[in-house]
Amino acid sequence: MPAGVQSRRAARVREVADIALAIRTENLTKIYDVGWGRQHVGIEELNLEVETGQIFGLVGPNGSGKTTTLKLLLGLIFPTSGAGEVLGEPMGDPRSKNRVGYLPEGPYFYEHLNAPELLRMYGSLFGMGGAALDARIQELLELVDMWDRRDYRIADYSRGMLQRVGVAQSLINNPDLLFFDEPTSGLDPIGAKDIREVILRLRGEGKTVFLCSHLLKEMEPICDNIAILSRGRLVTEGSVAELLRGDRLRYRLELREPDEELLAKLQGNAEEVLWLEETCRLLFADRQAAFDAAAQAEDEGGYVLAAGPDRRTLEEVFIDAVGEVSVDASDL
Amino acid sequence: MSRSAQKLVAWIVLIGVFIGLQPLNDALSYNRLVLGYARPTPVTKVLQFDAPAMTGIIVGAMMGGFREVAASMLWMKTHSMWHSGEGTKWDHLSLMRMTTLLDPHWLEPWRITAWHCAYNLYVETDDPKEQARLLDMGVNVLKEGISWNPDRFELYFELGWTYFDKIRDYPEAARWLAAAVRFEHPEHIERLIAHAWERLPDMEKALMWYDYCIKRRPSDHTAKGATITIRERYMPAERLVQQRRYDEAAEAVQQYLLVYPTSTLGLHMMGYVYEQAHDYEKALEYWSLAAETLALNHYARYKVAELCERLGWPVPEYASHIYMREQELRKEMAVTHEVN
Amino acid sequence: MRAIFRVARATYYEGWRKRFLNGILVFAILIIGSSWVFTYLQPGAELKMLIDVGLGSIRFFGMLIAVFLGSRLVPDEIEKRTIYTLLSKPVTRMQFLLGKFFGGLATVVSNMALMGLTFYIVFMIKAPQFAQPTEDSPAYKMEFMYENIAKAVLLSFFEMAVVMGIAVVASVVFSWILAAIFSFFVYFTGQMSEFFGHLADPDTGASPVARVVLLTVYRVLPHFENFDVRESILTDVPVIWSYVGMTIGMGVLYITIVLALGYLFFNQREV
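Residue numbers (numbering that gives the first Met the number 0), protein chains in the order written: chain Z, 0 to 331; chain H, 0 to 339; chain Y, 0 to 270.
Hints were generated in silico from the structure; no laboratory data involved.
Ideal Cβ placement from N, Cα and C applies to all residues, glycine included.
Worth double-checking, as some hints may not be accurate.
[What the hints assert, rightly or not] Label pairs and their in silico Cβ distance ranges: (1) Z/Arg202 with Y/Trp15: 57 to 67 angstroms; (2) H/Pro22 with Y/Arg16: 38 to 48 angstroms; (3) Y/Phe26 with Z/Arg202: 35 to 45 angstroms; (4) Z/Gly36 with H/Met75: 47 to 57 angstroms; (5) Y/Phe264 with Z/Gly205: 35 to 45 angstroms; (6) Y/Val172 with H/Glu327: 31 to 41 angstroms; (7) Z/Ser157 with Y/Trp15: 41 to 51 angstroms; (8) Z/Pro89 with Y/Phe264: 19 to 29 angstroms; (9) Z/Pro89 with Y/Val172: 24 to 34 angstroms; (10) Y/Phe26 with H/Ser83: 24 to 34 angstroms; (11) Y/Phe264 with Z/Glu50: 34 to 44 angstroms; (12) H/Lys128 with Y/Val172: 42 to 52 angstroms; (13) Z/Asp155 with Y/Ala112: 49 to 59 angstroms; (14) Y/Leu177 with Z/Gly128: 32 to 42 angstroms.
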């Protein structure tokens, strides 16, 4: 068999096998030399799998390694060890760049251009041109609501305008995979909502979106899957629904300042009791126990605030997960 | 191409080009020298680690293309300080010296610096040793300037003029002026050479140069006038000397001295006549007169010292210093000669 | 090629917007435009003064622009994060580096061309009257002067291309301030590479170790003085094309070396 055919076949096999994965990393590690022999861990032993067609959120506090991961995947920096693949090619491979879009954190562009000129320059890097490019530019600027302000020089842009144009430039080549680093930071609520809508629309078009953010409230409604990073390590990972539910679904009863007598009676069946300021939250293993306790509390003059399935917010998940690691770290 | 292969190619290109560059660089250095594109630098002085020459090269390189502009600005500053009377003359000297280091191919600062030493600073002091030092300084500044600009007439001329006008060392003046005329130069330099020989006095050489001036430009009145004067006043005496009729020769010059008793030329001529007659006492008398009538007549002083030495008389204070310097120089030259 | 051109074009226009650069240009043009004023300092050699100040300023200010622009081209992109959007597009690092270099070079050359034009105008007006003979100096010959000046300016373009290449590559390795200092240092020592060659001569009696060091310096440094042909302008010796060609060739080879080094450094550089 000629070598050409063989390698084409190998490529096809690879394509089929990885079709569902847009990004995969394997023990990806980046350690920075800070100088004088000191080192700083960027990320450590990171294993990620991002399926195509989903919105994937990489969350974590500042300095947890989100941007490091992004830069590694884009080939802007090089791993200390481990490997990764983007759209079936090794990270940083020029072949994948045609199908990737990137919005850096706090983007900035050549000041002397206006938005259409900037997009034309970027578009021409992909070999685009002519009327098709002009149409694409108009489409994108309308998408990010910048078409009316297209004559402004970038030097005169506000932070929000920069962010909008940043989104537009990342979409110029109609990429299959998008990397957004803190896409809504610095935006007003309306701007943030606009960007979220764009992201959801992209998923609707079958694209994969890789989001990095520390704004959990904004990630919660739009992400399909989430990975939480802390100090360069993957703390927890999974679909948003799973994470919010926890390991198993429990039921909660919330009372307002129950007296000690009542609390002592109800506590027997509860798995856990939590005080959140003047609210007392009791967690039960099954539905029946929770509602029985609620009825009992009503009967005995307690003030029932709520009863129902116990869903956590992403923030709680995050604090739980990151908190654990912090304890681990301080024990070391 | 894999990443490491690309790297290898880059290294091969790098080393290959670097090696290929060397003969090109050598060829360019040669071309610059031969085609005359390089400004002259005192290479031999560099080889001897001569401090001012090295400073000139390093300062010049540090300033890059801006050296001439910087030198002009410094020169303007010197000008304004000079005219406003700001700073001492020594302050001015250091500024001037710095300008010569900044742009050694600019002739004006060399000339002015030497003039400043030999004329302005000279009159500030009465100490003959200090005066001699200042004259030396002026002469050395010009010689250093010549080492940077060996193919221009200006500094040779300036040095010749300093010897002629200030120091009155006529043999030296004639030497440096003759060096100046090897390059493109204005006409008056040849005349000055003739003047220098005339003062020595070496009338034959003086006439030869005047003749040259007149042949080149028949309307050269100065040269004509000088030729007539020499032929009328001194040539008769010169011929008598050649015929060893010394008394008659002295008589002839004496008639002229009756009219112009302080004429440098006449006094030199008398000294010359008596020296030829081996009447050293009389010669000394006239050379002393010449040395004393002018504020500085180096050549006459030198003659006085030489004759005193010959007669076994004590050398007068004003002449001894110059004579010692002359002797030291001779000794030095003899040593270098032996070494070579 | 397309990517290099695009990056270069953006760099070129961006370069014109740098305030410090405009400042240097205006100052340079003022000095060059008034270069004939300096000539009163040296009666009898006005022409030398005019050429020295004019061409000297073009070289000096060209060098300043090349160093300060060159040493900030890449660091500014990193600092402003414009490099991220570019490198995530189909632009290789070498294309990026070449685009930055050629774009910056276009800025430097057009700045210097403006200075050169100013000088040429001043020269054409003033030189004929300065070339007249005076009492103290013979007449200047002006047979080759005009074309020699054009050749001198052409050579200085290539000189600044080498300087800028050094600045760009140094800024990939060091911070931009250190890169600027390094480039100045290389430029100044390169001005006197011939001097190092002389010092390495066995006749100087330098120690063998010192000689090896001096000879290495002489061999490695770009010989910037080769780009300087002002002496021939004053003496009105024709600057022959073969010399111009060889010097430009030397410049191009140095740029090749510098860019190959740039490739090696920048490919490993994290941004």
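Status of each hint after checking the structure:
1. Z/Arg202 with Y/Trp15: 57 to 67 angstroms: Cβ of Z/Arg202 to Cβ of Y/Trp15: about 42 angstroms, so the range 57 to 67 angstroms is violated.
2. H/Pro22 with Y/Arg16: 38 to 48 angstroms: holds (43 angstroms)
3. Y/Phe26 with Z/Arg202: 35 to 45 angstroms: violated (56 angstroms)
4. Z/Gly36 with H/Met75: 47 to 57 angstroms: holds (55 angstroms)
5. Y/Phe264 with Z/Gly205: 35 to 45 angstroms: With a Cβ separation near 41 angstroms, Y/Phe264 and Z/Gly205 satisfy 35 to 45 angstroms, so the hint holds.
6. Y/Val172 with H/Glu327: 31 to 41 angstroms: Since the Cβ atoms of Y/Val172 and H/Glu327 sit about 57 angstroms apart, the hinted range of 31 to 41 angstroms is violated.
7. Z/Ser157 with Y/Trp15: 41 to 51 angstroms: Because 25 angstroms falls outside the window, the suggested range is violated.
8. Z/Pro89 with Y/Phe264: 19 to 29 angstroms: Hint holds: Cβ distance 22 angstroms, inside 19 to 29 angstroms.
9. Z/Pro89 with Y/Val172: 24 to 34 angstroms: holds (26 angstroms)
10. Y/Phe26 with H/Ser83: 24 to 34 angstroms: The hinted range 24 to 34 angstroms holds for Y/Phe26 and H/Ser83, with Cβ atoms some 27 angstroms apart.
11. Y/Phe264 with Z/Glu50: 34 to 44 angstroms: 38 angstroms Cβ-Cβ, so the 34 to 44 angstroms window holds.
12. H/Lys128 with Y/Val172: 42 to 52 angstroms: Given a distance of about 59 angstroms, which is not inside 42 to 52 angstroms, the answer is violated.
13. Z/Asp155 with Y/Ala112: 49 to 59 angstroms: violated (30 angstroms)
14. Y/Leu177 with Z/Gly128: 32 to 42 angstroms: Because 41 angstroms falls inside the window, the suggested range holds.
Violated hints for the displayed structure, listed by number in ascending order: 1, 3, 6, 7, 12, 13.
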